[in-house]
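**Student:** Let's have the full structure, built from the sequences with the hints guiding it.
These protein sequences, in sequence, are chains A and B.
Using the numbering used here, the letters of the first sequence correspond one by one to residues 191 to 433.
Using the numbering used here, the letters of the second sequence correspond one by one to residues 4 to 269.
Just so you know, nobody snuck in bad clues.
Pair by pair, the computed Cβ-Cβ distance ranges are: (1) A:GLU250 to B:GLN225: 31 to 39 Å; (2) B:ASP92 to A:ARG336: 50 to 58 Å; (3) B:ALA202 to A:ARG336: 30 to 38 Å.
Not the full set, but computed from the structure, chain A residues with beta-carbon under 8 Å of chain B: (4) HIS196; (5) THR197; (6) VAL198; (7) LEU273; (8) ARG274; (9) GLY406; (10) VAL407.
Every beta carbon over 10 Å from chain B, so not counted as near; a handful from chain A, in silico: (11) ASN210; (12) VAL211; (13) LYS232; (14) PHE258; (15) VAL259; (16) ASP391; (17) HIS401; (18) ILE418; (19) LEU421.
Treat the hints as calculated values from the structure; they're not laboratory data.
Beta carbons are placed, not taken as given, at the ideal position from N, Cα and C, and that holds for glycine.
Chain residues, written in single-letter form:
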Amino acid sequence: MDQTGHTVKAYDKELTRLSNVIAQMGGLAESQVASAIEAVVKRDAELAARTVEADAKIDELEREVDEFVVRLLALRQPMASDLREIVSALKIAADLERAADHAKSVAKRAIALTQVPPVKPVYTIPRMGKMVQRMITDVLDAYVERDADKALVVWRADEEVDESYNSLFRELLTYMMEDPRNISTCAHLLFVAKNIERMGDLATNIAETIHYVVHGVALPQDRPKGDITSLTVVQPDVDDTAG
Amino acid sequence: MAALEMTTPDAAGNRPPKFSTKNVNVFYGEKQALFDVELDIVENQVTSLIGPSGCGKSTYLRCLNRMNDVVEECRVDGSILLDGHNIYDRSVDVVQLRAEVGMVFQKPNPFPKSIFDNVAYGPRIHGLTSNRAELVELVESSLIRAGLYEEVKDRLDNPGTSLSGGQQQRLCIARAIAVQPEVILMDEPCSALDPIATARIEELIDELRENFTIIIVTHSMQQAARVSQRTAFFHLGKLVEVGDTEMIFTTPQDQRTQDYITGRFG
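**Tutor:** In structure tokens:
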């Protein structure tokens with residue numbers, strides 16, 4: 191930020207440190223998401239196991255942010271942009287921790303998925319994964335640069351993830367109807383997709399927070415939302431049941 | 004009487020400001036202390052004036068009950084309307100004005116008189132009561148409203164100066180209230196008090212705003228944030244920004260306000 195420093199220099203250092211811890215958490219969350227999706231795509235149980243394990247580090251960093259924020263609020267009584275900065279760090283850390291949790295869930299499913307036969311190649315999972323990874327990377331860049339416009343691009347991008355999720359949902363339901371032996375695999379993949387979709391939502395949360403840090407006003411409530419799977423039903427063909 | 008029309012609510016139902024000030028310029032001899040200040044003070048609200056030392060906030064406060072009149076070489080230009088009336092008009096009785104616009108200072112300054120007489124002083128010189136019983140009632144109700152009565156009711160004859168700092172300040176507030184003002188000006192009323200006494204004054208300010216319009220100069224931004232509904236930031240004799248306190252302390256619009264309240268002033 192193009193601001194002059196605080197009269198109390200230690201305060202500047204503390205704010206910089208807070209921002210750095212968030213960036214570090216973000217970097218870890220980013221690579222967790224990438225590893226988890228890779229583990230699913232490549233059916234790599236070992237990579238998945240490492241990913242599950244690595245989640246602890248992010249939890250630890252989140253606790254560090256929590257404690258640090260409480261300390262800053264108590265000792266510095268931040269105002270205006272500092273206040274927004276500090277409160278936002280708390281929210282972003284929580285969102286990153288949740289995103290990493292979803293990555294961990296995906297990694298766990300990846301382990302289970304190695305024990306069941308693969309279904310037809312599901313391209314949508316890696317594609318969704320790429321989209322969400324991109325969102326997380328971009329939103330972290332936006333955070334580091336305090337760039338609200340860049341954050342807004344991420345905020346809008348989530349609609350596309352939701353659309354992918356919708357089509358994947360229908361695709362997997364169709365596979366399950368085709369052959370009940372697919373059900374186990376498809377059920378796991380549905381959860382994987384849901385986890386990835388949730389990561390996208392968290393990235394948009396972070397984008398909203400960045401917008402608040404920079405401009406001091408919240409984005410409008412109604413984000414373009416596209417997840418309609420809660421209303422989606424796929425019926426077997428009438429001919430099949432009649433025959 | 005065009006000015007009087009300003010005291011009726013406008014079409015939107017907004018109440019007219021208690022004080023309406025425009026183009027206020029203040030000079031101490033050659034030196035200009037305030038530049039074109041334009042500020043409206045909302046009735047029954049606490050407005051805090053903040054800014055670094057020498058920014059003009061106390062000068063502005065003192066314009067509002069013509070305390071600057073007593074400073075030699077001080078010249079006040081511009082329009083300062085109280086309920087639509089120009090307080091610098093020749094016909095204005097300054098003593099009466101200062102009864103309507105009371106003041107509480109940085110250091111508690113009780114008169115070297117008894118607690119009772121400190122509060123009774125104003126009503127006596129303004130002839131607000133017609134007999135002893137009324138005076139006693141007014142003194143007691145003023146002490147009650149200032150949150151001091153319970154602590155001093157058994158020793159109203161003791162000198163005001165025998166009280167603690169925080170009690171003395173509340174005594175000064177009781178003294179200001181006793182003449183039934185409409186506005187109370189406070190110039191750093193808590194800077195000589197400990198945190199507990201400060202909290203009691205802040206609680207009192209919040210209660211008083213139901214009946215009075217309060218304008219407070221403070222160096223403590225936390226205090227401004229705690230007690231006021233509107234905050235005005237002064238810098239180098241200019242009013243930089245005024246707005247809802249919440250807005251000023253979360254999303255100030257001017258970089259100078261931002262720098263000041265976050266502690267970045269060089």
